[in-house]
Amino acid sequence: MRNAARGSLLDIGHLKPEEIVGLLNSARRMNPQKPRPLLKGARVLLLFYEPSTRTRSSFEIAAKSLGAMTTLVQAGGSSIEKGESLLDTSYTLRALGADMVVVRHPNAGAPALMSRHLDIPVINAGDGMHEHPSQALLDAYTILRHKKTLKNLQVGIIGDIYHSRVARSAIHLLSKFGAKITLCGPPEFLPEVATTLAPNLHITRTVEDAIRSADVIMLLRVQKERLAGMKISLVDYISRYQITSSRLKLAKKDAILMHPGPIIRGLELAGEVADSPQSVILEEVRNGVPVRMAILARAFTRRRA
Amino acid sequence: MRQGSHSLLIKRGHLIDPAARVDAPMDLLLRDGQVAEVAWPGKIKGSADEKFDARGLIVAPGFIDLHVHLREPGQSYKETIATGTAAGAAGGFTSVCCMPNTQPVVDSPEWVAWLQKPERGAVVNLFPMAAATKASKGAVLTDYRALQRAGAVAVTDDGKPILGDEIMREALRLGAELNFPIIQHAEDTRATEHCSMNEGPTSFRLGMRGMKASAEASIVERDVGLAQQFNGARLHVAHLSTSDALKVVRRAKRNKTRVTCEVTPHHFSLSDSDIADYDTNFKMNPPLRSGSDREALLVALADGTVDAIATDHAPHASHEKEVEFERAAFGITGLETALGLAITKLHREQRIPLTRIVELFTVGPARVLDLRGRGTLTRGSHADVTIFDSKKRWTFEAARSRSKARNTPFDQWQLTGKAIATIVSGRFAFRAD
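Quick mapping for you: the protein sequence lines, in order, are chains A and B. Heads up, the first sequence is in this note's numbering, so the first residue is 1 and it goes up one at a time. Heads up, the second sequence is in this note's numbering, so the first residue is 1 and it goes up one at a time.
Only chain A is shown next, with the shape it has when bound in the complex:
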């Protein structure tokens, strides 16, 4: 057992504000159109135990833009299917010459486990219900393109917070910089214990309260299957929590609407809201690349420090 290799990114919860600022500044210097060979010759392993479209391709494009070689290993069609343990798979990738591993895993803490046994940086691309740090960083990056500062920003986070690694990472990050966060959802998606995650958190069950005077509205995906076992029906959920044009008007005029994707039009948000000028959903996807370039560059340059 060891400490995580320098340059690892396991969560936002343990990151210092100055490290976050450093990553965001570095991201602003990254341009996917103008490749910089910062990772020339490096081997970046993308280890994905869960399906992913945007995060995986975003990391892949980021790595290639920096001159790295990438290899994708997915749970299906690999020895993982044959029952190989996470650590044995990790050792194998290390033996193949990986310089860093980007991992997406259905179990919370899987990247932390790998990092305790590997001497190369481990980057968490989403672990169970725990965290999704690169998403939080790209969200902060996106917000800061529209707002001067995170301090005192009114942020409403709406949807299935309990199951959401995106929410946990975003809450940690925004709270560290003094944003005022209102969480909103039915009790099954938002237990009272959520307020213990970070300072300055409030809970409301009324979506209008979460939107009113907000600078940022952050929506989370709602999985229909999860609603199945709940008190609230799909129809009720939509009527109580869906973001519609009229509800969006309650927010500040210059409020932005965010969503980590994939979005389900007609469920957590009305179709026209997704396409409204206030929506920055696709900009988030675009910003994912420079932010992940910054994460990879940090991992590579700090790895043997």
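No lab work stands behind these hints, which were simulated from the structure alone. We put the CB at the ideal spot given by N, CA and C, even for glycine. One or more hints might be untrue.
Simulated restraints on C-beta separations [as the list claims (entries may be wrong)]: (1) A:R240 - B:D411: 48 to 54 Å; (2) B:P104 - A:R286: 55 to 61 Å; (3) B:K247 - A:K249: 48 to 54 Å; (4) B:S273 - A:H202: 22 to 28 Å; (5) A:V193 - B:K247: 19 to 25 Å; (6) B:K137 - A:L72: 42 to 48 Å.
Listed next, the stretches of chain B that the computed footprint assigns to chain A, with coverage defined by at least 3 CB atoms under 8 Å from CB atoms of chain A [unchecked claim]: (7) 196 to 206; (8) 321 to 334.
Fit chain B to the known structure of chain A by using the hints.
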């Protein structure tokens, strides 16, 4: 087990025998597997084959652990009866009760007998517990009469609680008839599926599903209600971990229901907020609970509500623990750290008197199982003695454990209090270097 006449004189020690209300300097003479004499220092005349100078040490009845997993039959890659009982001896235990959740499940008199054979290599007394239902499936009761005759001291489906009301009622009814304790791992498993820790701020932060405290209390409540229907029913709650369940037990005891309970060292030493970095050595079932649950356990350990400290020693191979937290096996080892944790956490930090701690390791568990002649050192009792140094500071090193397993959250912990000698039937099963 051992033949021939033998005597051992333990002198100049301080005897704590709570059952006999003794807390004084006393010499002790053991002969032929029994306590032959207890007397003021220097008053025992005549010679002994062997002498032990216990100056500065506490001499106590042999410790009894109501809850250990020795993994035989079938899982000797985790632990064996030989290695597990050696760890027990090193921890000061002269008797251990082994759980039946093995492969196969110990649900027949043949397996109960198998466990007790000398070939198994137990170095301390081994008291088998048998499954309460066939294959611990919760459907059909095992043959309690035959299991009892074969040497089982209780029945339990540990790890797989008996959920059905009817079958639990039947178990308690039959147990009452035979004076046979029914031990329950109180967990409503219908409410804890996919959970790997306690529900609370820590599980929310770590992004893991949490077990509600109510899943324990509701089963204890149900069981107490059922036990009250049968005169003489004996219900024992294994590894009780929540404040709510304690309330149920306290109320039941006040109503003279014959319900007993045990608490583990890890539940009185740690809470869920200690789970850092997804370290699977902090994963067990019941899980580490909240700080207020832990405080309630400390109160109940002091005030007499808790009957025994039991380790729930649960050894696992490293490949079962060095995996994702949610996929890791439940359980930690505990035999070698129990006494040190009790003295460090209960005596030194909480000021619980040593006599009470000795009671929790000796007469307390002996009463839970009605073990005649154990848990005390009155004349004629079994010559099981634990000699410990209540002031010795030492560092527990998992790598040097006598257990086969290394899965403990207490590796490198500085503890106070350590077993110096463990005597089983008048012979040394363990002596510190």
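Taking the hints in turn, this is what the structure says about them:
1. One distance hint, 48 to 54 Å for the beta-carbon pair R240 of chain A and D411 of chain B, holds here, with the actual separation near 50 Å.
2. Remark: the range hint 55 to 61 Å for P104 of chain B to R286 of chain A is upheld by a beta-carbon distance near 59 Å.
3. Evaluation of the 48 to 54 Å hint for K247 of chain B and K249 of chain A yields a pass: the beta carbon distance comes to about 51 Å.
4. At roughly 23 Å, the beta carbons of S273 of chain B and H202 of chain A sit within the given window of 22 to 28 Å.
5. For the pair V193 of chain A and K247 of chain B, the beta carbons lie near 22 Å from each other, so the given range of 19 to 25 Å is met.
6. Distance hint check: the CB atoms of K137 of chain B and L72 of chain A are about 44 Å apart, consistent with the given range 42 to 48 Å.
7. As drawn, the segment 196 to 206 of chain B meets chain A at 6 residues by the rule of a beta-carbon pair under 8 Å; at three or more, the given contact holds.
8. Figure legend: the segment 321 to 334 of chain B, annotated as covered by chain A; annotation consistent (6 residues with Cβ-Cβ distances under 8 Å, at least 3 required).
Consistency note: the structure conflicts with none of the earlier hints.
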